[in-house]
Each structure stands twice: as C-alpha cells, then as structure tokens.
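Chains as they are written, first to last, in my numbering: chain A, 430 to 915; chain B, 139 to 237; chain C, 13 to 495.
Don't read these hints as lab results, they were simulated from the structure. Among the hints, a few may not be true.
Claimed, not checked - DMTMM-like cross-link-like pairs, simulated, lysine to aspartate or glutamate; straight-line CA separation at most 20 Å:
| hint | chain 1 | residue 1 | chain 2 | residue 2 |
| --- | --- | --- | --- | --- |
| 1 | B | Lys158 | A | Glu768 |
| 2 | A | Lys773 | B | Asp147 |
| 3 | A | Lys521 | B | Glu161 |
| 4 | B | Lys158 | A | Asp763 |
| 5 | C | Lys96 | A | Asp800 |
| 6 | A | Lys762 | B | Glu156 |
| 7 | A | Lys521 | B | Glu156 |
| 8 | B | Lys234 | A | Asp800 |
Note that the coordinates shown come from a computational prediction; the quantities given were computed from them, not determined experimentally.
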Amino acid sequence: MSDLHNLSVKALATLLQTKEVSAVEVATRFLARMGGNPHNAFLDIDSAATLAQAQASDAKLANGTAGPLEGVPVAHKDVFVTQDFATTAGSKILSGYRSPFDATVVQRLRTAGMVTLGKLNCDEFAMGSANENSAYGAVQNPWDTARVPGGSSGGSAAAVAAGLAPAATGTDTGGSIRQPASFCGITGIKPTYGRTSRYGMIAYASSLDQAGPMARTAEDCALLLSAMCGPDPDRDSTSLDVPAEDFTAQINGSIDGLRIGIPKEFFGEGLQADVRAAVDAALAELTKQGAKLVPISLPRTELSIPVYYIIAPAEASSNLSRFDGVKFGHRAKDYTDLESMYKKTRAEGFGSEVKRRIMTGTYVLSHGYYDAYYLQAQKIRRMIADDFQNAFKDCDVIAGPVAPSVAWKLGENANDPVADYLADIFTLPASLAGLPGMSVPAGFGAHNMPVGLQLIGNYFKEAQLLNVAHRLQQATDFHLRKPMGV
Amino acid sequence: MSLTSQDIDRIANLARLELKPEESERMLAQINGFFGIVEAMQAVDTSGVQPLAHPVAAIQDIALRLREDVVSEPNHREANQRSAPAVERGLFLVPKVIE
Amino acid sequence: MSKLVQGYEVVIGFETHAQLSTNSKIFSRASVAFGAEPNTQACALDMALPGTLPVMNKGAVERAIEFGLAVNAHVAERSIFARKNYFYPDLPKGYQISQFEIPVVQGGEVSFFLEEGKETVHKTVRLERAHLEEDAGKSLHEDFIGQSGIDLNRAGTPLLEIVTQPDIRSSEEAVAYAKELHKIVTWIGICDGNMQEGSFRCDANVSVRKPGEPLGTRREIKNLNSFKFMQQAIDYEVRWQIEQIEDGHKIQQATVLFNPDTGETRAMRTKEDSADYRYFPDPDLPPLVIGRDWVERVKGEMTELPRVMAERFVKDYALPEYNATTLTQSKAMAAYFEATAKACGQPKLASNWIMGEVSRRLNAGEMTIEQAPVSAAQLAALIGRISDSTISNSAARQVFEGLWNGEGEVDAIIEAKGLKQMNDTGELEKIIDEVLAANPKNVEEFKAGNAKALNGLVGPIMKASKGKANPAQVNALLMKKMG
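Isolated chain A (complex conformation) (with noise of 0.2 Å):
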C-alpha cells in the first residue's frame, strides 16, 4: 500500500491487528520517507533500532500479545529521554547524550505497542515558538517551507504534516502542542498538569511542562493519550493521582447545548482578520451541531504574558543548572580552574534564547527581587486560574485562536524574542492554570497557511474537548487536507 503514510493511527492499529500490513512495512514505509530529513524535522533517525522495534510488534501480534497500538509508528520531541535514540533537547550542550532509561511517556506508547521511528527536532530545551532555536537548524513549515512550524514542538508538527510519522509527541509549556499543532494543520491537545508523567521529559519549567499527543485527528489524540496518561506515584512527584481513561469512549458524544465560552480578549485588535475568519466559520459549525456561543471574560489574559515569561524562566534558571559539564554532555575544551570550566562550557553549549531565560530567571530569583517578581507572578497565577473558574459557572469549553496569526516567515521575528512572546498570549492562560488545552483545524488564512482552533477545557475534562474536536472533525475536512506532495 502506497498511502500508508496517509492513513490514520486508528487505521494502521487496525490494518495490523488484522494481519492486512505487517508492522516491519509499515516502519519501512515510514522510514523511505523519512530519508534525506525532509524539513529537518528529524534529529536522530536509526533504522536498525525501529525495524528491531517493529519485528518485536509483529512478533506480540503473531502470538496475541499485541498491545491495542502494536506496530503503529510514533515518532518523539527530543526532550523526551531515550535508550535507544540519542537524547539532545535541541541544545548543543547534550549533543550525542544516551539516556540509561526511557521516559515514562516513551515506555507507556511503547508498552500500547508503538515503534519509534526516531527523535524530532525542537526549540531549545522548549524555549520558542517557532522552532527557529535549536542548535541543529530550524524546521520548515511543510505547507511553505519558508515558514516557520511553531514551537518548540515544530518537528512533531512537520513530521505529521509531512506524512513523516502518523503521529507524534510533544510537550505544551506555553503552548507549545497547540501552537505549531495550529501553524502546521494537525490537531493537539496539551492535557490537564499532572495527566502525563514528566519523569524523563527534559525540564523546562517544572510547573508547567506537559506532555502531550500530536496527529491529524482529535480520535488518533485520544487513542495516545490514552495509552499516555495515569499516575506515576514511584517516578513523579507531580504527577496526580488521577486514573487513565479510555479518550475515545465517548468521542462522539452529541454537543447539542454544549456552552462554548468567547472569552472577548481573545477577539481583540491583536487577532488577524483571517485568523478570525477561519475560527467563526469553525464556531459556526459547531453552533449548527447544537452548540451555543456564550460571551465571557478572561480579564488577565494579556499579564499572562510577563507572568509566565517570569515564572519559566524562573524554573529554567534552575533547572538547567546540571547541564555543568560535570557527570554529563558538553564541556569547554580550553578552561583555566573550576569557574572558567563551568562559564565556557555552558557559554558554549547554550543558545542565546536559552542564556536570556537563564539570566532573566537568575535575575529575577536574586537576592531582593523573589518577592517583587517571582512571588508576585505566581500570585497573579492564582488569579488567572481563579478567572478560568469563575468562566466555567456559565461555560462548558472556551473556545477561540491559537494565534494572533498564521505561521510567519523563518527569521523574521530573529532580533527581537519579545515579538515571539507576545504571540503566546492566547496559549499562556491555560498553561499558567494548568487546564487542558488543544488545537483542531479551523481552516485556512492568508497564503493558504492552516488556522487552528483553540478549545479549553476545565480540569480533567480532555474527553469533553476530543469530543467537541471530533464533531467538528465529522463536519469539516481542514485535518485530512495535506500539504503539496505529501
């Protein structure tokens, strides 16, 4: 079968599961594709290691042990850690670093069944929007490869564009699923903190960081995130005690009186007319289905911006502190004692996206500016989450953009990071309150690049918003479109 690369997560499961394919041509298949790393979405790519995953698929599925996702390809954001794949985070400081263990996340899908085709490309330790700062080159946007994919999970957004893998995993700190999800036409969704176990996945910023399934389809989202999700009390810490649920149980649930929230901040000046366009035209469709539109008021979204751009870096500040050139990855080749090892080793092996987050969280942790900064953000946090709870009395989901607009051009924001902030603002409220949060084709706006549609949902409530995702699925056809020679 040629359009093996076209087919869903759910139809490859099945396909295998029936014997029609066998997991070895599908990783093949894949892996043709892959060659010559289309888009640069790929950072370690090893045949050997995912035929020898895929003949122990086919080796469960041939005896009945196969798991409900046996021999379906996955391919994983570089942050996750890998025994059998290098590990880099997209920074130069752990170029060629081999983890002794695997990520939760990467043995749960691979306990469902799922191979691993390989590792993709990212920002820097998931410091960007854009994909444009990781150290091993920037991802092109498969719909105009003079685009940027989003970020930090752009590789996992190309990749799934592209046909390169069916589906993918990334991790949402600001809104890093979502966004390149909406920039590169795929869906996303970022579960509720605390679904998804952290233990492997490289930290960016503790509280925020989570990990979550990229695909075409909100029904492929939720196979993943079932097999992903569930409590991992001897790993993570974090980690709520929350049981795995089956996504897909209820997925095509009617939404007949759903009450979606307009939240009015996100409809403002900032938001491009095409941009809005594309989300009406999917709201409407939504509202055909049942669904009524009920205005309401997120009045903290536009701090989220400088809340969250001092409580990340804040976190990373520290987080990063063990890349030291000590017990692992880079060191300085020329260093005259203990200090200059440490100051060229991490002077090198860091990007400048990177370094600005270390010093604006060093700085804002520093003796004598805790309270005025980091204390006084996670304050406003508390508000902005208090804000998403009073919007539930009179909503069920809130619903609108992802972006302010569609994917830009490469280098274009390159001189001035506080650009790419801003364009956060619609992914940073449900980051900072830790709800799930996901990104559905909308359609498309200028120079025909794709439109997402951002739902958000209360705590816990992801089968709810794959639910709402899966209906406008049924109705619309934007996440089956493909780029030119895909």
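Based on the hints, put chains B and C in the right spot on chain A.
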C-alpha cells in the same frame, strides 16, 4: 525599572555564563525590552492572594506523595557515566576544587 | 549570669547536620550504606541525569517527626521544600533541595547538666528549627594531579539540620549541648551518631560582645566532627576575635575551618556570590503534609526519652537528679542500672557502684558499658553480699576486681580470697581474750579513761582475724568485756 550592565555581569556570574561584550550589550537591551511588559504586572494588587505552585491546587489540595523507605536501585554506574566528559576509577574528574 | 572571657560575653549558635538512619536516600531509591565503591550508589537521580525527578522518602519524614517530639517542638502540618541554588561539583543538580521558609520542625529545646567549678548547673538551649534536606557528594583531592575526583554516593543522603537560638555562652556549654543532642538522636535511633563517618556534623556560629551590647559579627566554624576539637576550636576562635577587637579591628563575617594540627581556625576562600542562593519553592515537590494522626501514632510508638526515664529514676528509685541524668547518658547504661537495681533491691548502692567503680574502670579501659566484663546480675550479687554483711566494703572492691578479671562468680571469689567477714562471736571472743591478756597496759589506760587506748587493741584484733572481723562487732565486744 531597568537593568544596568553591572546587573548583567552579576547575573551572568551567578548563572555561570561567560558573555562576550557584544553579547552582554544585546542581553541588556533585550532583557530591558522584556521588563517593559513586566511593569503591568507590578501594578496588580495581590494582597491576600496565595501564590499558586501546583496549578491544580487552584481547585483541590495537592499533598506530597511519600514512598516507602526501600532500596531498589542497583549499581548502574557504567550506564549512568556513559556520557560523562571525564571519569577515572569511577570518579568524575573536575578542575581542582579549592576550599 | 554567664561567665565572661576578658570581660567579653561569648555568644554561640549551633547548626548540626544529622544523617538520618534510613535505608534509601531522601529522594531516590539508592542505598545510603557507607563506604561503597565511588558512584556505585549514585543512581540516575543522584547524578542529576536529565529527566529524573525527586520522590520523597517516608522514612526520613518519620524520623523528623520523632525528633520534633523528642525536643518538644511543633511538627508542622504543612512544610515546603525549596531549592538552594549554587554551583559546586559535589552538588549534581546545581541546587540543593532543602527547606527554607517553612521547616518541618519548629521550635523546641534541649536541656542538660554541666559542671561549673564544684557545682552542677542545669542549662536549656532553645531550638529555632530543624529541617529536612539532602546531603552533597564528596570531592577527593588526593592523587589526581591538578584535578579533583567527585563521588556522588553520599549525594541525596537524608539530613536533618538542627538549628539553635544563640543561647550558648561558652565552649563548655557548646560541647555539653552537642553531647546532649548526640545522645537524643542516637537514643531515639534516627541517626547512628558516627562522627568519624560524618553522620553527625556540627557548625558553630561564634561571636563575642561586651555584656549588654547588641550581638557581635559572627564567624561560622564548619565541620566540628569531634567533641575534643569542638572545644579547642571555639576557645581559639573566641580568643582570636577578642584579640582582633582589642587591637581595634572589626570582625568580618566568615566561614572558617579548624585545623587540629595547628589548633587554629582559618577562613575559607569565600565566593563573592555565595550569599545569593536564589531560594524558591521546588516546583517538583508539592507541600509536605503531616496529619495529626500520624504524629500521634509516632508518639505512641516512640521509646521512653532520656529525660522522662531520668524523672522516673528519681521517683521510683529515689535517686538524686544528677545520678538519674548520669545513668541515662545511654540506653545501655540505663538498662544496666535498672537490671542491677531490680536484682539487688538497693538502687542507691547500685547507682553508686555504677557511677563509681564501674565507670572508673570503663573510662580507664576506654570501654562502653556493653563491653563491661561484669554483668548487672554479678554486680547485683556483689551488692547483696555487702548488704547481708557477708563482706566489708573494702573486701567488696577486691571481689569486684576479681569479677572484672573474670575470676568467677561472686561467692566463689569471696571463698577463694577468703574475704568472708567473721560473724561467729565465739571465735572472735577467743581472739579478743588473747589480745586483752597480751596487752594489760592498754586495758589499764582505757579503764583510766583514755579512749585512744582502744585503738591499740582493735588493731591487733583485726590483724589476728586476718581482717575478717566485723569492726562494729569488735567494738561492741570490747566494751562489754572492759565495761
């Protein structure tokens, strides 16, 4: 408020980052650019508001999970040191530490 | 009123790091056993490998609760773990997980006796806090030219850092406090107390001031790992600070190390940014919540504390408070006393013998009570033979000597050495008559009213009885015969 180049030097030293002069200058400009949007945050009255550490604590109490005091980590020294820059007789080597 | 040194008042506060006696580390499942090959007990988390996350050890929390109860402190319902950020090769994550704003143990006090000149004074030191944190690894400077070797086996070992108020006023008080604290943590079994292996490490914050003046600038003496050096180091530091002030210098805050060879303290190389630790709550660890029911359960399971046991000794055995406290220096000592007292029914005699003869020989042989060759049962039997006046006190010391040298059981030794007192009047009267007959002159003088003359008779009688005669009985019979 805005930072000075002395602040940049102090922070860079705290963070163990060697910055070239031009890097420091760019860093100063960019960080001060960012602190422009931080001022809005300073104005917010947060008196009586508890900071939110674990986000889900916004709706329920989150307590630290405790594990039983059991040893279950075998010796994986070789695998754990596989990516180490300098090791001798199982010890990580670093430039002499002076006390 | 605390005594002054050259007119200065000494002010000392203590910070003690007690390694908790758990099996596994505070945040990982690696072993904490001492002396393993380098980095063989440092798991992925202890090496801070990317992706690892801390998971709290219940055993460490339980020990913190026990300590809090032992020192009458408040065990916090909710305490917070924070990150202390600084770069050092033995600190793998680049930060230490500790407790900063809200520690698990709050307040409390440690009381003890100490000798001041002739008298024994009672002293109480208030505790400020005790918090849970992780230990660092070790840097080895030997045999690596120009380099140091890092061993992370110790990294992540659970510590309880116990901080006092600046209540200590002399090096003697400091040592007495440290010994009492050491007694408490080993008594309740939360720490093995092994100072050579670094299980119990003390830092002393020392300053001096003229009475009534505000606190002077303090210097912190690090890693005082023996009670002997502790006193030397503090005495040196106090003299040094007074000299500086007398010479018109200001004391600069500093961290100093004591060098046992020179007997001096020397300031450590100070990092200019060492003060800026950028503490913030660790986002990897939600608040530590300790329910009251848990505290009650621990209280119920805890062994009798030394001070409680001492009070009981005073009440049940009518011992002086000082004896009771001395006998509760260690569990073994207390058990030895109770066994002896119960077996012989003479608690006061038992306490005298243990604090006297037994302790003297233990100290001479640098032995602990567990190593004493004389069992509690044997000591009780010996005391029994004194009280039933089978032997005299002086004879009892010879018997004890025999017991100590393993010459057999009490009665056998009395036999072998022929130390039984002569309680048979007939034989004694015979000796007395012979002596009287042989010394008519003394008899005359005594009858003439010279009481001294009696000694001239008692001596020969005791001699003739080979010391077995009971002196009281001898006197009585003499009176009767010459009355």
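Comparing the hints with the structure gives:
no.	hint	verdict
1	B:Lys158 x A:Glu768	16 Å, holds
2	A:Lys773 x B:Asp147	15 Å, holds
3	A:Lys521 x B:Glu161	18 Å, holds
4	B:Lys158 x A:Asp763	16 Å, holds
5	C:Lys96 x A:Asp800	16 Å, holds
6	A:Lys762 x B:Glu156	14 Å, holds
7	A:Lys521 x B:Glu156	16 Å, holds
8	B:Lys234 x A:Asp800	37 Å, violated
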